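Asker: The primary structure of each chain is shown beneath.
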Amino acid sequence: MTEDERNAKAPFDRELQAHLGQQLRRLFNETAAQPIPDRFAALLERLDRAAPAPPLPAESLTRPQEAF
Amino acid sequence: MSETQPDPGFKSALLAEISQLRFFALSLSGQHDRADDLVQETLIKAWAAQHRFTPGSSLRAWLFTIMRNTFYSDYRKSRREAPDRDGESAARLFVNPEQNGHLDLDDLKAALAKLPEDQRVAVLLVGASGVSYEEAAQICGCALGTIKSRVNRARQKLMQHLAIESVAEFGGEFLAIGASDSAPGEAA
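These protein sequence lines map, in sequence, to chains D and L. For the first sequence, position 13 matches number 13 in the working numbering, and the numbering has no gaps at all. For the second sequence, position 45 matches number 45 in the working numbering, and the numbering has no gaps at all.
Just to be clear, a hint being listed does not mean it is correct.
What the hints assert, rightly or not - Among the chain D residues that face chain L by a calculated CB cut under 10 Å, a handful are:
#1 H19
#2 R25
#3 A33
#4 I36
#5 P37
#6 R39
#7 A41
#8 L47
The hints are simulated quantities; they were obtained by calculation from the structure and are not laboratory data. Quick caveat, the model's predicted, so the values are computed rather than measured. Using N, Cα and C, we set each Cβ at its ideal position, and we do this for glycine too.
Could you build all of it, start to finish, from the sequences and the hints given here?
Answerer: And the structure:
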């Protein structure tokens with residue numbers, strides 16, 4: 001590609017990049033706009049009532065240094 | 001025992017991150033049913049590990065790290081055990097069977113599905129979820145430069161794809177040129 005061709009292409013690239021940025025944010029907003037299933041609030045309620053935090057699975061307890 | 005009591009604010013802090021968690025789960029798994037299971041598992045692990053969270057650091061980045069580790073340790077394993085048809089799950093990326101999304105995002109979704117997984121996750125973290133490059137590197141367990149290069153490569157490919165789609169709206173000439181690139185007999 002010659003320099004002239006690159007210069008001619010640059011505004012199009014900038015526009016396209018801005019368009020891509022908007023589309024990615026809209027994709028996020030599309031998901032964020034969906035109602036949150038009740039199961040998550042219910043789960044956190046159960047976890048909260050069961051405080052202190054439930055014991056980790058045996059596998060995790062034997063390897064405490066390996067987070068998660 | 002007071003230090004073992006859960007922080008009363010932790011539950012509401014987790015609730016406030018659920019939309020973000022669902023989106024990142026989709027970025028990883030590409031499927032809504034799997035994504036919500038992944039969110040649930042992440043919440044359970046985060047609750048159990050809350051004493052390891054450093055107050056003042058990014059809860060979102062911490063949760064995303066747990067989610068990503070969970071996905072790669074558990075979900076990828078089961079995916080290998082039950083492989084689906086080539087590209088079938090990628091084709092369903094972000095497509096919720098119960099709700100129709102914006103039609104004009106279909107091109108983006110199709111382009112995202114074609115990206116290598118590490119590039120897709122990187123560009124969605126930075127471009128859609130809005131986490132910093134530094135946090136994305138932490139979440140993905142790689143160097144800052146690696147994340148930047150993944151995001152750049154993903155962005156270039158997505159822009160190419162979107163450029164082709166926008167040209168296609170104006171006419172078929174570019175598509176004809178594109179078609180001549182493929183080897184004779186390659187097209188089915």
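Asker: All the hints need checking, so say for each whether the structure fits it.
Answerer: Consistency of the hints with the structure:
1. Evaluation of the H19/D hint against chain L yields a held restraint, the C-beta minimum of about 7 Å falling below 10 Å.
2. Against a cut-off of 10 Å between C-beta atoms, the interface hint on R25/D holds, since the closest Cβ of chain L lies about 6 Å away.
3. For the restraint placing A33/D at the interface with chain L, the shortest Cβ-Cβ distance is roughly 9 Å, inside the 10 Å limit, so the hint holds.
4. About 5 Å separates the beta-carbon of I36/D from the nearest beta-carbon of chain L, less than 10 Å, and the hint is met.
5. At a threshold of 10 Å, the smallest CB-CB gap from P37/D to chain L is about 6 Å, leaving the interface hint in force.
6. For R39/D, the suggested interface contact is upheld, since its CB lies about 7 Å from the closest CB of chain L, less than 10 Å.
7. The criterion of a C-beta within 10 Å of any C-beta in chain L is met by A41/D, whose closest approach is roughly 7 Å, and the hint holds.
8. The beta carbon of L47/D comes within 5 Å of a beta carbon in chain L, closer than 10 Å, and the hint placing it at the interface holds.
In terms of the numbered hints stated before, the structure departs from none.
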